[in-house]
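Protein chains: 2
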Amino acid sequence: MLDKVNLKKRLKKREYETRYDELSIKLGSLQRAAKEAGIPVMVVFEGWRGAMRGTLINKLIESLDPRGFRVYSSSKTTAQQRRFPFFSFFWQHLPNKGGIAIHHRGWYFLKNEHEVGDSDEADEWYNISYEDINAFEKALTDDGYTVVKIFTHLSQKQQEENLKKIDKIYGKAWEDIAPGGVEGLNYKEYGKVYEKMFKKTDTVNAPWHIVSVEDLHTGLIAAFEIIIQALENALSQTKEKKTHKVVINKDLSVPDILGNYVLSDKIIDKKSYSEKLKEMQQRLSTMQFELFKKGIATIVGFEGWDAGGKGGAIKRFTGALDPLGYAVNPVAAPNALENSYNYLWRFWQHVPNSGEIAVFDRTWYGRVLVERVERFARVDEWRRAYQEINDMEAQWAKHGIVVQKFWMQIDKEEQYNRFEARENDPNKKWKITPDDWRNRDKWDAYVDAVNEMLYRTDTKAAPWTVVEANCKYYARLKVLETMIKRYEEVLKK
Amino acid sequence: MLDKVNLKKRLKKREYETRYDELSIKLGSLQRAAKEAGIPVMVVFEGWRGAMRGTLINKLIESLDPRGFRVYSSSKTTAQQRRFPFFSFFWQHLPNKGGIAIHHRGWYFLKNEHEVGDSDEADEWYNISYEDINAFEKALTDDGYTVVKIFTHLSQKQQEENLKKIDKIYGKAWEDIAPGGVEGLNYKEYGKVYEKMFKKTDTVNAPWHIVSVEDLHTGLIAAFEIIIQALENALSQTKEKKTHKVVINKDLSVPDILGNYVLSDKIIDKKSYSEKLKEMQQRLSTMQFELFKKGIATIVGFEGWDAGGKGGAIKRFTGALDPLGYAVNPVAAPNALENSYNYLWRFWQHVPNSGEIAVFDRTWYGRVLVERVERFARVDEWRRAYQEINDMEAQWAKHGIVVQKFWMQIDKEEQYNRFEARENDPNKKWKITPDDWRNRDKWDAYVDAVNEMLYRTDTKAAPWTVVEANCKYYARLKVLETMIKRYEEVLKK
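Going line by line, the protein sequences match chains U and V. Numbering-wise, the first sequence is residues 688 to 1180 according to the working numbering. Numbering-wise, the second sequence is residues 688 to 1180 according to the working numbering.
Hints should not be assumed to be uniformly reliable.
[Unchecked claim] Under the rule of at most 30 Å between Cα atoms (straight-line distance), these lysine-lysine pairs were calculated in the DSSO-like manner: (1) U:K963 - V:K746; (2) U:K965 - V:K700; (3) U:K855 - V:K1172; (4) V:K958 - U:K699; (5) V:K695 - V:K883; (6) V:K965 - U:K700; (7) V:K722 - U:K1118; (8) U:K1002 - V:K784; (9) V:K1115 - U:K700; (10) U:K722 - V:K1116; (11) V:K1002 - U:K700.
[Said to hold, decoys possible] Covered by chain V, per the in silico footprint, the following chain U stretches (three or more residues, Cβ under 8 Å): (12) 746-752; (13) 991-1002; (14) 1018-1027.
Since the hints were made in silico from the structure, they are not lab data. Glycine residues also receive a C-beta, built at the ideal position from the N, C-alpha and C atoms.
Take these sequences, add in the hints, and give me the full structure.
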């Protein structure tokens, strides 16, 4: 694609100044409109080294309200950042509704560096696939994010001239602190990598825009126009969407997975339970230490019926662990802040550091459970969530995180008994709320949702374990046993 | 204090078990009550090495709902953590209303390590004063936090036995990863440091509790009792407070500082402005680079009248900077999440990393401005805020951060003209809201609040600059000039 770009175009000074003033005002007012409409915007600048992106971004943001945007750079990738999955940084620093994130190179830089062979020691960390990139962008654009990708292009000759100029001003000083690779010496090689990138990631929802910065002023005006166009599109689509109806095929058949689980015979007596619990907890305690030494992190998600015994199982699991090495993240309905981001944002905030264990008491599956059943999410939203969740979990697993999910399965009668028991016990009464009774009325709708969830998201990278939980003792041991088995496999490697 | 502790007390197994069960249930129910009452709790465990704090904490938290607490360890202090002011970590990980933070050693460990001479290379970072510690704890307890400080005491003989046991189980493996100092070899020296710590930090609001862990079971029960007692006190105080009236001396006279500033002659024409602006921005641009190289961070806070020109001044300041090295933090009324913490919490979240610049568009001074005038804060709350803010800024400055504050001063007539001009300009109309007009009616109350703020918080560590801002050009240049001068002093050192 690069060879089709006209590098000779050059605005006259007068023309540039007039256009710049016009576009500045326009972009400022579009920023406010996007804020009002709640549109989150991500702009990523990728391109040749020496393309003066810094200067370009500086001129661009002059027209923006500084309270509404944030600039991030990937040349500052730290060791700390590389202890988390590749996309963590980008998820954690997502703009919220109405916010703008400008990425100086961003995820593409890291990938391209790896492709050319310029990435540093943490080699494999950089080696994400183009499919991962597309999945990341799609999850955002499907959710109403505007993703603008601008490639700053220039000739090899101009690149050399620019680099000489930069070196003269800064004496390579910035480079010492945040090395930008040696692509300046590798024009041909990088050219190939860029062409591959365009081929693989020029998608309908997040297309590439190539801007010639052979003349910086001309490039700046072009970048302005692209961003303005993207914001205008987003604003007009927001208006359309309000009247837009989503047609979804409802006849996707899903097997009755829950129906396969027999609960009645999964029983264990208190004495054997106590013995085995102690044994398993000791085993887990040692394992936690081994996992910590190897830097292997864990994400364990618990879902299940109300009164299904999530809390009790979590307590027995964490009871085996050193409290410095784990955290339990309770997940309730999203608050206003969380709601101003993509629904996955808040879970990325709690991805564990190397060697640590993150337990989720309820999870990101709320999207396809309560949000589906209660219609808090639109049909198209929860439908595409299966893929988005699989992608997220796959990225975690690829980074080496052990991902495990439990569904605590009890039957309707057992739930009734537990609700009643809670109501009658002054020490447990706090556990039961009118919501619990209301949810119970929607049992069948939940069964459908759970079956579809298990069907679509039980992956090798992040398997589901359905836990027969009518007997609490049996359930807790099954959870611990499952974790022990997974850890054994992981530690064997 | 340590020599008065009876190390021989020892519960019988039966007695221990009964008490443990009783206290477990009690603590669990108190945790729920504290959650409901919105009481945040911090428990810090300090004491001899080998005192089995890990085991003790593990047994304690068994009785807690894992969704309501978090355990932190200071033996894991990272290089990343030391790039921020000492208390950043503790502020950032404050429990919110109803939450419990358990600190395995916490701030005392770091201080004590330094006192004995065992702290590592980042020596000065550890060297906080006991006054800093007391100020930190007082800011929290005054705000309704319960701070429980437990010292785990044991004899030198028992310490040696425990260490041998620990080494046998873990083969010093945990120690390799998170070294705990060599205090085991230094019983006498540490004893002295601990006595000093008791003397300096055993305060009414956050007293020390010494617990003998010569026998771990006995120590555990004692720790339980202390925490339970603290929670019961907190709960009964919450009830009292509702009917409690605060008596405050209202006759604290404050000079009319704002009255000293003459605005009428602080004018500059557009041409000189443009020239000087360019010059100063270039100077700042170079300075940012030098500051970055030296790892010196900056916090700049902007306060001022509505339409006082904060936004414009910020834009001219940041316009000089590399966007990768600064962030502008807009400060609005706290949201629900922010309100569930101490009011300073959200500002600690944005303390800049070494070499970076954090700009605040409105600041923590909201406590003594809008919250005072609008009575969002009680009189005792905003009165003590002056000291709390001075303490916070002093800690930042001590860490080497350049702290600078601006008050944008215009007169009432100029404000009226600007409001009118905004109303009539379609490109600026968004800037003006009914709130602005309402605030204007309280001009005199704000003058009092601003005068008192300037009077009480203009410190050497964090000076105020009142900017005569009737002429925007003059104001912007004064802001830039002030920053340049401060940076010159800082860089000279």
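Hints versus structure:
The suggested pairing of K963 of chain U with K746 of chain V holds, with an alpha-carbon distance near 19 Å, which does not exceed 30 Å. For the given pair, K965 of chain U sits about 19 Å from K700 of chain V by alpha-carbon distance, which is consistent with the 30 Å threshold. Note on K855 of chain U and K1172 of chain V: the hinted pairing holds, with a Cα-Cα distance of about 27 Å set against a maximum of 30 Å. Under the criterion of a C-alpha separation no larger than 30 Å, the hint pairing K958 of chain V with K699 of chain U is consistent with the structure, at around 25 Å.
Restraint check: the Cα-Cα separation between K695 of chain V and K883 of chain V comes to about 24 Å, which is no more than 30 Å; the hinted pair holds. With a C-alpha separation of about 19 Å, the suggested pairing of K965 of chain V with K700 of chain U holds against the 30 Å cut-off. For the hint pairing K722 of chain V with K1118 of chain U, the CA-to-CA distance comes to about 13 Å; that is within 30 Å, so the pair holds. Taking the CA atoms of K1002 of chain U and K784 of chain V, the gap is near 23 Å; set against the 30 Å cutoff, the hint holds.
Proximity of K1115 of chain V to K700 of chain U is assessed by CA-CA distance (about 28 Å); at most 30 Å being required, the pair is judged to hold. Restraint check for K722 of chain U and K1116 of chain V: the C-alpha separation of about 15 Å stays at or below 30 Å, so the hint holds. Distance restraint check for K1002 of chain V and K700 of chain U: the Cα-Cα separation of roughly 25 Å lies within the 30 Å cut-off, and the hinted pair is therefore satisfied. Remark: the region 746-752 of chain U is confirmed as covered by chain V, as 3 of its residues place a Cβ nearer than 8 Å to a Cβ of that chain, reaching the required three.
Judged by the Cβ-Cβ criterion of 8 Å, the region 991-1002 of chain U is covered by chain V as claimed, because 3 of its residues qualify and three suffice. Using a Cβ-Cβ cut-off of 8 Å, 3 residues of the region 1018-1027 of chain U lie near chain V, which meets the minimum of three, so the contact claim holds.
Hint violations for this structure: none, all hints satisfied.
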